[in-house]
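> Each chain is listed here by its residues.
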Amino acid sequence: MKSLGSIRRDFAPWNDPNAKPYIQFENVTKKFGDFTAVNNLSLTIFEREFFALLGASGCGKSTLLRMLAGFEEPTAGRILLDGQDLRGIPPYRRPVNMMFQSYALFPHMTVEKNIAFGLKQEGMPAPDIEKRVAEMLKLVKLEQFAKRKPHQLSGGQRQRVALARSVAKRPKVLLLDEPLGALDKKLREETQFELMDLQQNLGLTFVVVTHDQEEAMTMADRIAIIDKGEVMQVATPAEVYEAPTSRFVAHFVGNVNMFEGKVAERAANTTRITGATGAQIVVENSTDSKAGSDIVFAIRPEKIKVTSKKPADAVNALEGEVYDVAYLGDMTVYHIRLDDGQMIRASALNAARVTEDPLTWNDRAWVSFRPDAGVVLTR
Amino acid sequence: MNPTWSRFNVTSVVLGFAFLYLPIVLLVVFSFNESKLVTVWGGFSTKWYVSLFHNQGLMDATWVTARVGVISATVATVLGTLAALTLTRYTRFRGRILFSGMVFAPLVMPEVITGLSLLLLFVAVGLDRGFFTVTLAHITLTMCFVAVVVQSRLVSFDRSLEEAAMDLGATPVKTFFQITLPVIMPAIVSGWMLAFTLSLDDLVIASFTSGPGATTLPMKIYSQVRLGVTPEINAACTILIAVVAVGVIIASVANKRREVQRQLDEQAAQRG
Amino acid sequence: MSNIAITDSGPSTAAKPLLTRLGAGFVSRLVIIVPYLWLLFFFFIPFIIVFKISLSQSAIAMPPYTPVLDFTDGISGFFAGFRDLNFDNYVWLTQDALYFKAYVTSVIIAAVSTILTLLVGFPIAYGMARAPATIRPTLLMLVILPFWTSFLIRVYAWIGILKPEGLLNQLLLSLHVINQPLIILNTYTAIFIGIVYSYLPFMVLPLYSSLEKMDYSLIEAAKDLGCPPTAAFWKITFPLSLPGVIAGCLLVFIPAVGEFVIPDLLGGSQTLMIGKTLWNEFFANRDWPVSSAVAVILLLLLIVPIMLFQQAQARAQEQDK
Numbered sequence: 001m002k003s004l005g006s007i008r009r010d011f012a013p014w015n016d017p018n019a020k021p022y023i024q025f026e027n028v029t030k031k032f033g034d035f036t037a038v039n040n041l042s043l044t045i046f047e048r049e050f051f052a053l054l055g056a057s058g059c060g061k062s063t064l065l066r067m068l069a070g071f072e073e074p075t076a077g078r079i080l081l082d083g084q085d086l087r088g089i090p091p092y093r094r095p096v097n098m099m100f101q102s103y104a105l106f107p108h109m110t111v112e113k114n115i116a117f118g119l120k121q122e123g124m125p126a127p128d129i130e131k132r133v134a135e136m137l138k139l140v141k142l143e144q145f146a147k148r149k150p151h152q153l154s155g156g157q158r159q160r161v162a163l164a165r166s167v168a169k170r171p172k173v174l175l176l177d178e179p180l181g182a183l184d185k186k187l188r189e190e191t192q193f194e195l196m197d198l199q200q201n202l203g204l205t206f207v208v209v210t211h212d213q214e215e216a217m218t219m220a221d222r223i224a225i226i227d228k229g230e231v232m233q234v235a236t237p238a239e240v241y242e243a244p245t246s247r248f249v250a251h252f253v254g255n256v257n258m259f260e261g262k263v264a265e266r267a268a269n270t271t272r273i274t275g276a277t278g279a280q281i282v283v284e285n286s287t288d289s290k291a292g293s294d295i296v297f298a299i300r301p302e303k304i305k306v307t308s309k310k311p312a313d314a315v316n317a318l319e320g321e322v323y324d325v326a327y328l329g330d331m332t333v334y335h336i337r338l339d340d341g342q343m344i345r346a347s348a349l350n351a352a353r354v355t356e357d358p359l360t361w362n363d364r365a366w367v368s369f370r371p372d373a374g375v376v377l378t379r
Numbered sequence: 001m002n003p004t005w006s007r008f009n010v011t012s013v014v015l016g017f018a019f020l021y022l023p024i025v026l027l028v029v030f031s032f033n034e035s036k037l038v039t040v041w042g043g044f045s046t047k048w049y050v051s052l053f054h055n056q057g058l059m060d061a062t063w064v065t066a067r068v069g070v071i072s073a074t075v076a077t078v079l080g081t082l083a084a085l086t087l088t089r090y091t092r093f094r095g096r097i098l099f100s101g102m103v104f105a106p107l108v109m110p111e112v113i114t115g116l117s118l119l120l121l122f123v124a125v126g127l128d129r130g131f132f133t134v135t136l137a138h139i140t141l142t143m144c145f146v147a148v149v150v151q152s153r154l155v156s157f158d159r160s161l162e163e164a165a166m167d168l169g170a171t172p173v174k175t176f177f178q179i180t181l182p183v184i185m186p187a188i189v190s191g192w193m194l195a196f197t198l199s200l201d202d203l204v205i206a207s208f209t210s211g212p213g214a215t216t217l218p219m220k221i222y223s224q225v226r227l228g229v230t231p232e233i234n235a236a237c238t239i240l241i242a243v244v245a246v247g248v249i250i251a252s253v254a255n256k257r258r259e260v261q262r263q264l265d266e267q268a269a270q271r272g
Numbered sequence: 001m002s003n004i005a006i007t008d009s010g011p012s013t014a015a016k017p018l019l020t021r022l023g024a025g026f027v028s029r030l031v032i033i034v035p036y037l038w039l040l041f042f043f044f045i046p047f048i049i050v051f052k053i054s055l056s057q058s059a060i061a062m063p064p065y066t067p068v069l070d071f072t073d074g075i076s077g078f079f080a081g082f083r084d085l086n087f088d089n090y091v092w093l094t095q096d097a098l099y100f101k102a103y104v105t106s107v108i109i110a111a112v113s114t115i116l117t118l119l120v121g122f123p124i125a126y127g128m129a130r131a132p133a134t135i136r137p138t139l140l141m142l143v144i145l146p147f148w149t150s151f152l153i154r155v156y157a158w159i160g161i162l163k164p165e166g167l168l169n170q171l172l173l174s175l176h177v178i179n180q181p182l183i184i185l186n187t188y189t190a191i192f193i194g195i196v197y198s199y200l201p202f203m204v205l206p207l208y209s210s211l212e213k214m215d216y217s218l219i220e221a222a223k224d225l226g227c228p229p230t231a232a233f234w235k236i237t238f239p240l241s242l243p244g245v246i247a248g249c250l251l252v253f254i255p256a257v258g259e260f261v262i263p264d265l266l267g268g269s270q271t272l273m274i275g276k277t278l279w280n281e282f283f284a285n286r287d288w289p290v291s292s293a294v295a296v297i298l299l300l301l302l303i304v305p306i307m308l309f310q311q312a313q314a315r316a317q318e319q320d321k
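These protein sequences, in sequence, are chains A, B and C.
If you're matching positions, the first sequence starts at 1 in the numbering used here and goes up one per residue.
If you're matching positions, the second sequence starts at 1 in the numbering used here and goes up one per residue.
If you're matching positions, the third sequence starts at 1 in the numbering used here and goes up one per residue.
Don't read these hints as lab results, they were simulated from the structure.
Only a predicted model underlies this, so the values are computations on that prediction, with no experimental measurement involved.
Please note: incorrect hints may appear among the correct ones.
To be clear about the criterion: a stretch of chain C counts as covered by chain B if any three or more of its residues have a C-beta under 8 Å from a C-beta of chain B, and this derived list gives those stretches [as the list claims (entries may be wrong)]:
#1 129-140
#2 152-163
Calculated pairs, BS3-like style, for lysine-lysine (alpha carbon to alpha carbon, straight line, at most 30 Å) [said to hold, decoys possible]:
#3 Lys-113(A) x Lys-235(C)
#4 Lys-235(C) x Lys-213(C)
#5 Lys-147(A) x Lys-213(C)
#6 Lys-185(A) x Lys-141(A)
#7 Lys-185(A) x Lys-131(A)
#8 Lys-101(C) x Lys-149(A)
#9 Lys-138(A) x Lys-235(C)
#10 Lys-149(A) x Lys-172(A)
#11 Lys-172(A) x Lys-113(A)
#12 Lys-31(A) x Lys-213(C)
#13 Lys-172(A) x Lys-235(C)
#14 Lys-235(C) x Lys-149(A)
#15 Lys-256(B) x Lys-213(C)
#16 Lys-120(A) x Lys-185(A)
#17 Lys-228(A) x Lys-185(A)
#18 Lys-113(A) x Lys-213(C)
#19 Lys-235(C) x Lys-147(A)
#20 Lys-235(C) x Lys-131(A)
#21 Lys-141(A) x Lys-235(C)
#22 Lys-185(A) x Lys-303(A)
#23 Lys-120(A) x Lys-213(C)
#24 Lys-235(C) x Lys-120(A)
#25 Lys-131(A) x Lys-120(A)
#26 Lys-120(A) x Lys-172(A)
Just so you know, even glycine gets a beta-carbon here, dropped at the ideal spot from N, CA and C.
Generate the whole structure from the sequences, applying the supplied hints.
Below, the structure written as C-alpha cells:
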C-alpha cells in the first residue's frame, strides 16, 4: 500500500519514531456500574496535532474527552499529559480547557465576563485580563458584542464565545465536544475552516469529539475511530477512507460495497476470490489472503465504473441490471443488482454537462473495477 | 453522564426528610399510646380511636369539613381553571394587572387578613355566618391555588393541537372541551386535590367566617389543643393524615400506571 | 351587591348550552368575567370594607362598629361620609407601644426564620437537584407530601416534641447532654422551629426547580476554567438559583409576618406577633375597627414584598414561555 499522508505534508510526528508523545492514554478502562464505556484503550496524541475522536453516540468518545478534562477518573490505566500522570488532578488544576457541546456559557454573565472567567481564576492582573479579552474578542470577531448576555446572541455567535472562552487561558490542549453540532450545515462548513486556522495560528493541540465523519475528515490530522469503547483504527483521513483496516471502519466512514468470499487462488501479485454466490473477482494481494480463507473485498462506490457494454480491458466485470438511479448534480449514484443478487452502489462524477447514453431503470449494465481499487479485509 | 450524587448531597437530603417526617411519625406513633400522656409510651392501644368515634363533636366537625371541602374544591376548580385560561390566553384586556394581582396575592396573603376581610364583607352584605360563608371563603382562597397549578400546565400546552382541531372544523368551544380540557385534565385534578386539602386544613379563615353549627375539624382540633394535648387529637390527626396520604398515593400510583401503560403501548407500537 | 353574587354563580351551572349557542367572542369574555368578578367581590372589595371599618368608631352592638361611608346613600352619600372619617384607631395604634412592638417583632421573626429556612432548605434542594434523574420525582413528592397534611397537625406535633417533658428533652436527658429540661416551648425559639418546619416545602420547591433547571455543564465549564468547587458554587450555582431564592424567601416571609397558628400554639402567651394580636383584638376584645386598622397597617407593610412576589411570578411565567 502506498503511504497516504496528512493534508499538512510537513506535519507527521506519528511517523517519526523519535517524536515525543504529548497525550497518552495507557490501557485506560472506564466503567459506569456494569457498563464499560472505555475498554483497555491506548492512544497517543502529539503536540500541535488536530486529533479527532470519531464514533457513534454512546461509543465512549465523550468519556475519553471527559477523562482528559478531569470530570471522570479512569477505572484502570492512566492518562499522561506531557509526561505527567493526570490521575487525581481535579479539572480546575489541569492545563486543558474544554469547549462544551452545549457551550455552557454562563447565562448571568456578559460575553466579556464569560471570556474573562478563566483568566480571573488564575489570578491574572486586571489590565492583562482586559487585554487578553479584547484580543480574544477580535480573534472571534465579536468585538461589538462584548457587553451582550448569551441569550442575546445567535447560535453561531455563542459558539464563538465558547471557543474564545476556552482558548483564552492558552491551554496546552483544547478539548472540543461536538463543537459544531448545534450549527446549521452552511455555518458548520465555514466554521470548520475557522477552527483549523485558529489551531494553526495559536499552535495548540486540539482534541475534538464528533460523530460527523465529514467534519472529522475535513479538520483532523488524524482520526481515531472508536466503537464500544475500543479504538478501531487511528490514521490520517485519507488512510481511514482508502485503507480501512476493518469492516466496521469501512462501513462507518463513507459508503462501501463488500464482496464476501473465499480465496480461490493466490498468484504472484493478485488473489482470485470466489464470491458467496459464485462470481469471481481478482484483487490485489494482502497478507491475510491464504488460499481457502474467508475474506472480504471492500470497494468505494466511486471506484466502480458503470457501463452499458462490457469494457474490453477490465479484469473485473460483473453484469447486472440498473435498480435505481439518483442524480445528485455533481454526481450520479447507481444501484445495480448483479445477476447473482448482490446490490452494488456505484457513483460517477458528472464532469461533462451532457452524458451520452445515460443508463436508466432496468437497463442492463456492467460494473467494473481494478484489482487495487479496494482493500481486502479479514476483520 | 449524570453529575455524581455526592455524600454531602445524600446526607442533606436524608437529614432534610428526617426533619420533615419525624414529627409526623412521632405523632402517629403516639396516637397508639395506652397512656394518657402523649409523650410517655405506655404500651400499644387503639382506645383513643374508639373514644374518637364516640366524640360526637369531632364527628360532626368532620362531616362539616368534608362537605365544605368537596363543594369549595369543586367550585374553586372551575373558577381557578377559568382564571388560569384568562391569565395564559388573554394577555391584553383592561384590568389584567389587577386580575393577576388578585390571583397571586391570596397565595401569600396572611390568613388573618383574608379571614377578617371576608368576614367583614359577609357582615356588610348581611349574610349569616355559617356553612355557606365558610364555603365561599374557601372557594376564594383555593381557586387561586388551582389557577396557579392549571396555569403552569397551560403555559407548556402545545397550541398547535387546538389549531389542528379548529382546522378540522371544531368550534373554539368544542375545541376547548374535546382537546384542551382532556390534555390539561391531570393539572385540573391535582388542582382539585390541592384545593380540597387546603380547605381541609384551614383554621384561620374558617374561624373568622364560620358561625354556629358550622365548626370545622381544624377549629375543633384547635380548641381542644388549647385545652391540652391528648392522644385523642393524635388519633384524629392520624386519620386525617391517612386519608390524605391514601389519596395522594392512589393518585400517584394511577399516574404511574398510566405512564407505564403508555410506555408499553409505545414499545408495542414500535415493534409494529 | 347580592345581584352580582347571583350572576356569578350562574354560568357554572347553565354554561354549556349557552356557550355553544353564542360565539367565541362572548365565551372568551365570559372566561375572563366570571373569575374576575368573583375575585373582585370576594377579594378586592373586602379590603375596601376593611379599610372603611378601620376608620369607624367601635360600638357595643352587632356588628360592633358604627358604619361610615355607607354605600346605601349612593355615591354622593359615600363622598359626604368623608367628613365623618376618623383616624382614632390609627392614632390608638401609635399610642400603644404594644402594637408597634408586635409589628417590629413580627417582621424580625419572619426575616430571621426566612433566612433559617433558606439555610436549611438550600442543601436539601441542592441534594435533590443532583440526585439521579430516576428518583427525583419521588423526592419531589416526598417534599410535597407533608404539605398535604394539615398545617395545624404539623404544628401540633411539635408541642409534644418541644414541651419540657416532651420527646426532645427526654432524649437529651437520657443521653446526658443536659441535666435540666430545656425550656423551648412558649419561647421565640419554638416559633422559629415552627416556621422553619412548616414553611420548608415552600422554600425547597422553588429552589429545587431553579437548581434542577440549571445545566450541570456550566459547573463543569467553571471547573474546567480553573474554578475550585466552592468558588464555582458561589460564582455560578448560587447566582443562577437567585430567582428560586427570591421566590422561596418571599413565599416564607410574607405569610410568616402575619402567622397566627405557630405563635399561638408554640409561642405561648409571652411572645408577641401581629397575627396573634389581630386575632385577640378581634375574638377576645371584639374591637373590629382596631383589628381592621391592624390589618390595614399589616397589609401596607407587606405590599412591597407582595408586589415583588408578583413580579417574580410574572417573570418566571415569561421565561417558561
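> None of the hints should be skipped; say for each whether it holds.
Hint by hint, here is what the structure shows:
For the stretch 129-140 of chain C, the stated coverage by chain B is satisfied: 5 residues place a CB nearer than 8 Å to a CB of that chain, which reaches the threshold of 3. Coverage of the stretch 152-163 of chain C by chain B holds. Counting CB-CB distances below 8 Å, 10 residues qualify, and the rule asks for three or more. With a C-alpha separation of about 12 Å, the suggested pairing of Lys-113(A) with Lys-235(C) holds against the 30 Å cut-off. Taking the CA atoms of Lys-235(C) and Lys-213(C), the gap is about 17 Å. The hint holds against a cut of 30 Å.
For the hint linking Lys-147(A) to Lys-213(C), the alpha-carbon distance of about 25 Å falls within 30 Å, and the restraint holds. For the hint pairing Lys-185(A) with Lys-141(A), the CA-to-CA distance comes to about 20 Å; that is within 30 Å, so the pair holds. Simply put, Lys-185(A) and Lys-131(A) have alpha-carbon atoms about 34 Å apart, too far for the 30 Å limit, and the pair is violated. A hinted pair counts as satisfied when its Cα atoms are at most 30 Å apart, and Lys-101(C) with Lys-149(A) does not qualify at roughly 46 Å.
With a C-alpha separation of about 26 Å, the suggested pairing of Lys-138(A) with Lys-235(C) holds against the 30 Å cut-off. Taken as a hint, the Lys-149(A) and Lys-172(A) pair is honoured in the structure, with Cα atoms around 28 Å apart against an allowance of 30 Å. Taken as a hint, the Lys-172(A) and Lys-113(A) pair is honoured in the structure, with Cα atoms around 22 Å apart against an allowance of 30 Å. Proximity of Lys-31(A) to Lys-213(C) is assessed by CA-CA distance (about 27 Å); at most 30 Å being required, the pair is judged to hold.
With a C-alpha separation of about 25 Å, the suggested pairing of Lys-172(A) with Lys-235(C) holds against the 30 Å cut-off. Taking the CA atoms of Lys-235(C) and Lys-149(A), the gap is near 16 Å; set against the 30 Å cutoff, the hint holds. A distance of roughly 23 Å separates the Cα atoms of Lys-256(B) and Lys-213(C); the hinted pair therefore holds under the 30 Å criterion. Among the hinted pairs, Lys-120(A) with Lys-185(A) is inconsistent with the structure: their alpha-carbon atoms are about 35 Å apart, more than 30 Å.
In summary, the hint linking Lys-228(A) to Lys-185(A) is supported, as the alpha carbons are separated by about 28 Å, within the 30 Å threshold. Under the criterion of a C-alpha separation no larger than 30 Å, the hint pairing Lys-113(A) with Lys-213(C) is consistent with the structure, at around 22 Å. Taken as a hint, the Lys-235(C) and Lys-147(A) pair is honoured in the structure, with Cα atoms around 19 Å apart against an allowance of 30 Å. Between Lys-235(C) and Lys-131(A), the direct Cα distance comes to roughly 23 Å. Compliance with the 30 Å bound is thereby established for this hinted pair.
Under the criterion of a C-alpha separation no larger than 30 Å, the hint pairing Lys-141(A) with Lys-235(C) is consistent with the structure, at around 27 Å. Taking the CA atoms of Lys-185(A) and Lys-303(A), the gap is about 27 Å. The hint holds against a cut of 30 Å. Distance check on the hinted pair: Lys-120(A) and Lys-213(C) sit about 26 Å apart at the alpha-carbon level, within 30 Å; holds. A C-alpha spacing of about 12 Å is found between Lys-235(C) and Lys-120(A), which places the hinted pair at or below 30 Å, so the restraint holds.
The hinted pair formed by Lys-131(A) and Lys-120(A) meets the criterion: a straight-line CA distance of about 13 Å does not exceed 30 Å. Annotation: proposed proximity of Lys-120(A) to Lys-172(A) holds, straight-line Cα distance about 18 Å (limit 30 Å).
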